[in-house]
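Peer 1: Below, each chain spelled out in residue letters.
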Amino acid sequence: MIEEKNLNADKSNRTTLPRWVVGLVFTALIGFLVLIGLGLRRTQEGPIVIGQKVPAFELKTFEGEVYRTAEMQGKVILINFWASWCKPCEQEAFELEEAWQYYKPGGEVVFLGVDYVDTEPEAKAFIQQFGLTYPNGPDLRTRISQMFRIKGVPETYIIDREGKLAFVKTGPFLSVNEIRQAIDPLLP
Amino acid sequence: MLANIGFGVLVVSFITSVYGIVASVIGIRKNSLAWVESARKAMQITFPLISIVALAIILLLVTGQYQVQYVYNVTSSTMPLYLKITALWGGQAGSLVFWSWLMSAFTTAVTLRKWDRDREFLPWVILVGLITLTFFLALIIFFENPFVRFWVSASGNQIIAMFPPEGAAPLIPADGRGLNPLLRHPGMVIHPPMLYLGFVSFVIPYAFGVAALITGRTDDRWIRITRRWTLVAWLFLSLGLVLGSRWAYDVLGWGGYWAWDPVENAAFMPWLTGTAFLHSVMIQEKRGLFKRWNMILIILTYVLVIFGTFLTRSGVLSSVHSFAQSAIGPMFFGFIALSMILSVWLLIWRWQILHSEGTMHSLLSREALFLLNNLLFMGILAVVFWGTVYPLISELFTGQKVTVGPAFYERSAGPLFAGLLLLMGIAPLSAWGHSTVKTLGKALWKPALAALAVVVAVFAGGVRNPWALMGFLFVALVVFITLFEYYRGVRARRHRTGENWLSALINLMGRNRRRYGGYIIHLGVVLMALGIIGIEMFQTETQGTIPPGGSLKLGPYEVTFNRLDIFDAADGRNVARATVLVSKDGRTLAELHPRRDLYIDTMQPMTIPGVRSTIEDDLYVLLVDWQPISSTGVTFKIYHNPLINWLWIGGFVFILGTLVAAWPDRDPQPVPVTARRGQVVPSSSSGD
Amino acid sequence: MSKDTLMLKMRKSLWGWAGLVIFLVGVLALSVYPVNAQQPTPSDDDVNRVAKQMYCPVCENIPLDVCPTQACAQWRELIRLKLSEGLTDEEIRQYFAEQYGDRVLDVPPARGLNWLVYVLPPLFLLGGIWIVVRVLRSMRSPLAAMNVSTRGDETLPNPNEDPYLARIEEELRRREKEGK
Numbered sequence: 056m057i058e059e060k061n062l063n064a065d066k067s068n069r070t071t072l073p074r075w076v077v078g079l080v081f082t083a084l085i086g087f088l089v090l091i092g093l094g095l096r097r098t099q100e101g102p103i104v105i106g107q108k109v110p111a112f113e114l115k116t117f118e119g120e121v122y123r124t125a126e127m128q129g130k131v132i133l134i135n136f137w138a139s140w141c142k143p144c145e146q147e148a149f150e151l152e153e154a155w156q157y158y159k160p161g162g163e164v165v166f167l168g169v170d171y172v173d174t175e176p177e178a179k180a181f182i183q184q185f186g187l188t189y190p191n192g193p194d195l196r197t198r199i200s201q202m203f204r205i206k207g208v209p210e211t212y213i214i215d216r217e218g219k220l221a222f223v224k225t226g227p228f229l230s231v232n233e234i235r236q237a238i239d240p241l242l243p
Numbered sequence: 048m049l050a051n052i053g054f055g056v057l058v059v060s061f062i063t064s065v066y067g068i069v070a071s072v073i074g075i076r077k078n079s080l081a082w083v084e085s086a087r088k089a090m091q092i093t094f095p096l097i098s099i100v101a102l103a104i105i106l107l108l109v110t111g112q113y114q115v116q117y118v119y120n121v122t123s124s125t126m127p128l129y130l131k132i133t134a135l136w137g138g139q140a141g142s143l144v145f146w147s148w149l150m151s152a153f154t155t156a157v158t159l160r161k162w163d164r165d166r167e168f169l170p171w172v173i174l175v176g177l178i179t180l181t182f183f184l185a186l187i188i189f190f191e192n193p194f195v196r197f198w199v200s201a202s203g204n205q206i207i208a209m210f211p212p213e214g215a216a217p218l219i220p221a222d223g224r225g226l227n228p229l230l231r232h233p234g235m236v237i238h239p240p241m242l243y244l245g246f247v248s249f250v251i252p253y254a255f256g257v258a259a260l261i262t263g264r265t266d267d268r269w270i271r272i273t274r275r276w277t278l279v280a281w282l283f284l285s286l287g288l289v290l291g292s293r294w295a296y297d298v299l300g301w302g303g304y305w306a307w308d309p310v311e312n313a314a315f316m317p318w319l320t321g322t323a324f325l326h327s328v329m330i331q332e333k334r335g336l337f338k339r340w341n342m343i344l345i346i347l348t349y350v351l352v353i354f355g356t357f358l359t360r361s362g363v364l365s366s367v368h369s370f371a372q373s374a375i376g377p378m379f380f381g382f383i384a385l386s387m388i389l390s391v392w393l394l395i396w397r398w399q400i401l402h403s404e405g406t407m408h409s410l411l412s413r414e415a416l417f418l419l420n421n422l423l424f425m426g427i428l429a430v431v432f433w434g435t436v437y438p439l440i441s442e443l444f445t446g447q448k449v450t451v452g453p454a455f456y457e458r459s460a461g462p463l464f465a466g467l468l469l470l471m472g473i474a475p476l477s478a479w480g481h482s483t484v485k486t487l488g489k490a491l492w493k494p495a496l497a498a499l500a501v502v503v504a505v506f507a508g509g510v511r512n513p514w515a516l517m518g519f520l521f522v523a524l525v526v527f528i529t530l531f532e533y534y535r536g537v538r539a540r541r542h543r544t545g546e547n548w549l550s551a552l553i554n555l556m557g558r559n560r561r562r563y564g565g566y567i568i569h570l571g572v573v574l575m576a577l578g579i580i581g582i583e584m585f586q587t588e589t590q591g592t593i594p595p596g597g598s599l600k601l602g603p604y605e606v607t608f609n610r611l612d613i614f615d616a617a618d619g620r621n622v623a624r625a626t627v628l629v630s631k632d633g634r635t636l637a638e639l640h641p642r643r644d645l646y647i648d649t650m651q652p653m654t655i656p657g658v659r660s661t662i663e664d665d666l667y668v669l670l671v672d673w674q675p676i677s678s679t680g681v682t683f684k685i686y687h688n689p690l691i692n693w694l695w696i697g698g699f700v701f702i703l704g705t706l707v708a709a710w711p712d713r714d715p716q717p718v719p720v721t722a723r724r725g726q727v728v729p730s731s732s733s734g735d
Numbered sequence: 035m036s037k038d039t040l041m042l043k044m045r046k047s048l049w050g051w052a053g054l055v056i057f058l059v060g061v062l063a064l065s066v067y068p069v070n071a072q073q074p075t076p077s078d079d080d081v082n083r084v085a086k087q088m089y090c091p092v093c094e095n096i097p098l099d100v101c102p103t104q105a106c107a108q109w110r111e112l113i114r115l116k117l118s119e120g121l122t123d124e125e126i127r128q129y130f131a132e133q134y135g136d137r138v139l140d141v142p143p144a145r146g147l148n149w150l151v152y153v154l155p156p157l158f159l160l161g162g163i164w165i166v167v168r169v170l171r172s173m174r175s176p177l178a179a180m181n182v183s184t185r186g187d188e189t190l191p192n193p194n195e196d197p198y199l200a201r202i203e204e205e206l207r208r209r210e211k212e213g214k
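Here the protein sequences come in this chain order: A, B and C. Residue 56 is where the first sequence starts when you use the working numbering, and the numbers rise one by one after that. Residue 48 is where the second sequence starts when you use the working numbering, and the numbers rise one by one after that. Residue 35 is where the third sequence starts when you use the working numbering, and the numbers rise one by one after that.
In case anyone wonders, no lab produced these hints; they're calculated from the structure. Any given hint could be a false lead.
To be verified - Subject to a maximum C-alpha distance of 25 Å in a straight line, what follows is the list of computed DSS-like cross-link-like pairs (lysine-lysine):
| id | chain 1 | residue 1 | chain 2 | residue 2 |
| --- | --- | --- | --- | --- |
| 1 | A | 179 | C | 116 |
| 2 | B | 631 | C | 116 |
| 3 | A | 179 | A | 108 |
| 4 | C | 116 | A | 115 |
| 5 | A | 159 | A | 224 |
| 6 | B | 77 | B | 88 |
| 7 | B | 448 | A | 108 |
| 8 | B | 448 | A | 206 |
| 9 | A | 142 | A | 219 |
| 10 | B | 600 | A | 224 |
| 11 | A | 115 | B | 485 |
| 12 | C | 116 | C | 86 |
| 13 | C | 86 | B | 600 |
This one's a predicted model, so the numbers in the text were calculated from it and none came from an experiment.
Between the sequences and the hints, there should be enough to build the whole structure, so can you do that?
Peer 2: Here it is in structure tokens:
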């Protein structure tokens, strides 16, 4: 066996790996691990954390008006994710509208309804059915929902006057009071 | 009480395996047999210990101790007994225990063998096995404890904890939430255990590979010891995959069997590398070539097993299979990083001594064709791997989620699969070490002609799809070549011994189990390919809304809607069950009951198809929608899936072949290795 | 592929062999083309034809045509509407991608970073071929210099006899000896 080894030994076959190959292998390995690590961190992070600055975005409503959060500095912004196919969203629709009617005259609070993965006719029917008057628009390319990393609908985020996230609610609001309790402390 | 016992034993088994690691390290450092023996004993005792833990969970599940969070999450009082037992692997914590239990069973079994000839491997194999086991036990104890319970603290808060704080009283829910409806299927009872078995048993060849690397014993001993283990691992993994597709076909109601879902891919990737490994180890055994490659393959397989488990459980990729979000991700990630870097480092360290002992003589020799086979498997792996992780990359760099669906995999990997089919036909005809165009052509022309005749017949029968025709050609080629190989073997044996055909066949297979078992596996694969060609290229579908008495036509079939019953089942389902009649040329063939189950508490709908199966095709009827009040109509979707049952038949043949190949020999004494090493003469063509 | 052309391919030694694989890669690259066809009347089957190639974010990994949720039912109705407005399959796919993001498409659209999806696997395969070719070359060359006599037919045990039979017989003989 040893003889055979010597006989067949192929010089090129016995050399150690060239350094660049070793480097390449480890670079690829580390790169892959970093990638998976980043992905893992992203899933672990969950939604935007309270106290974090919320990146600016814009919402184009079903009527075609554009609302930019960058232009709303100094106001409290309530962002409500909903969809017409979502039953729990129906529960809170009236409450949201009622709260909007309460804050609208003061002009210090903005409500934005973001329609998540929905079809336009059904969404419009939903808005009409519940008489929503605050701006509502589709989440084009699901950009806004991905930014907030929402888990589902309904979900509501409230941004304070400094543009930081102040409040998160997963699931529907049960009463107008609940909404007011979340917003009132943020007002001056 | 029972929960406390279970947790206590769990901690003891964790300590035992940590001790085993320490003992084997000391044994290695001091070169002391006594310490290694002690480590071995520690390893063997983990099995009964974890058995007790698993048993404790099963008892908690069966007796409905809803105070335990795990029991509350996965069972409810209406579930039948067998589902309560199998709920052991219905949730994250329980399935980790189940996994550890299987793992300890396998590693214990491997330490029970005689080690006289392989003393130097023993401590390292124990070390690798125990490190993996310890990792999983740590996950269970620190992150996913199945024994945590509900308590009400003195101040009235609800607490979930293993041990109650001062003054807390137990909180016992009246009923559990019940198992995820998707998992309430008999197929689900065996699919996960098979997959887990496949996963954990790949740890053993990996442990031996690492042991061979560290000890520097680079002959093919580690491969010979683990050959059967590898086959067993592969058998279970294959079984798991086949059962999983069958479950998808029966329960998920989308007319298909394989969705290229991230978690399916996660189980498929180690299968790919495992299959490549099974083939390429034969090159090392016969010819002493590709030692490095075999090491790379087994490391890759192990890493993919762990990676696959990680994908399923960490929530990094979204999938129908995902467990609920869990905290085990980071620790899992650390383990993967560690095992990857260590394995690669070991490999680079030993690269030099892992040189080939033979040389390649012919590009048509069996080893060269096996190499090509490996190349194709790696190509498929690249496609599957890339398709699986790309959504993650896209989301990280562009912030946009993307879907990589079946179309990508089918178009990219399809030609590679076709190449594998072709190779499957040619490779058995070539010889080890040496083959020429002449010898190969001589063996090939008869079966090739027969296969061509089949394709001509299929063409005459009206099939014009060129890809399908090519598929049929390769399938027929493999079938003829395999049968031809059997015929030649039996004839040769008859010629020599004068046995009758049957005993010649049995003895031939008995003496060359791996070779002839392998041929049966090939037959199984091509039969499966037949089913896949059938459903992928000839599936037709239609959908329509019909009133009672109305009918839908698809090809020669007619589906007539009879009635729709809507009722509540005892286990919390609202069932809409349609009765339809299937007829062909005016003759009624079958009555089917496609239905839609709605699990009321989770609002989760499930579409269960009504299927009429024959050897040539399936008629697969789905209940899509209905108008609840008026009876204007019910919407059905109908699939015609030609040849699909060959997929299941092939799967069965495939498993049978693996059993033949893996069945223990009566005489386990291995054939002396050195006699055949590096020989140029094409003499050793047997599979032991 | 007939037997003759197959053998011809094989004969071309190493590079012909690699050529076969390159051909496969080519097929792979070519076969990633967008599919569509369009018909005017939007029946359920028309809707499903489009929906089959899409996914909705509400049900993960289940194609739109069979997803049982209400959201997906609404999407299918939207497809029907768009079909009746005369949009082609591809235009509808684009409309959905603009509304809901690229993840509704069954394969990532080939632009920007997404090119990687289509480019990397063939590149990987080519890399694999390159390594295999290199390994084969390094293994073959010393042999050719060292031991020319092992090539060609003269090493077969007995040219008159079927070499396969000879092998089997030898094997059986050896086995029988070992068995006793």
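Peer 1: Against each hint, give a clear statement of whether it holds in the structure.
Peer 2: For each hint, the structure was consulted:
1. Pair hint residue 179 of chain A plus residue 116 of chain C holds up; C-alpha atoms about 17 Å apart against a cutoff of 25 Å.
2. Restraint check: the Cα-Cα separation between residue 631 of chain B and residue 116 of chain C comes to about 36 Å, which exceeds 25 Å; the hinted pair is violated.
3. Taking the CA atoms of residue 179 of chain A and residue 108 of chain A, the gap is near 31 Å; set against the 25 Å cutoff, the hint is violated.
4. At most 25 Å may separate the alpha-carbon atoms for a hinted pair to count; residue 116 of chain C and residue 115 of chain A meet this at roughly 21 Å.
5. Between residue 159 of chain A and residue 224 of chain A, the direct Cα distance comes to roughly 21 Å. Compliance with the 25 Å bound is thereby established for this hinted pair.
6. Pair hint residue 77 of chain B plus residue 88 of chain B holds up; C-alpha atoms about 18 Å apart against a cutoff of 25 Å.
7. Restraint check for residue 448 of chain B and residue 108 of chain A: satisfied, since their Cα atoms lie roughly 23 Å apart, inside the 25 Å limit.
8. Distance restraint check for residue 448 of chain B and residue 206 of chain A: the Cα-Cα separation of roughly 14 Å lies within the 25 Å cut-off, and the hinted pair is therefore satisfied.
9. Using a Cα cut-off of 25 Å, the hinted pair residue 142 of chain A and residue 219 of chain A is violated, with the two alpha carbons roughly 30 Å apart.
10. The hinted pair formed by residue 600 of chain B and residue 224 of chain A fails the criterion: a straight-line CA distance of about 50 Å is larger than 25 Å.
11. With a CA separation close to 72 Å, the supplied pair residue 115 of chain A and residue 485 of chain B exceeds the 25 Å bound.
12. Of the supplied pair hints, the one linking residue 116 of chain C and residue 86 of chain C holds, its CA atoms being roughly 16 Å apart against a limit of 25 Å.
13. For the suggested pair residue 86 of chain C and residue 600 of chain B, the alpha carbons sit about 20 Å apart, so the restraint of at most 25 Å is met.
Consistency with the previously given hints fails for numbers 2, 3, 9, 10 and 11, ordered from lowest to highest.
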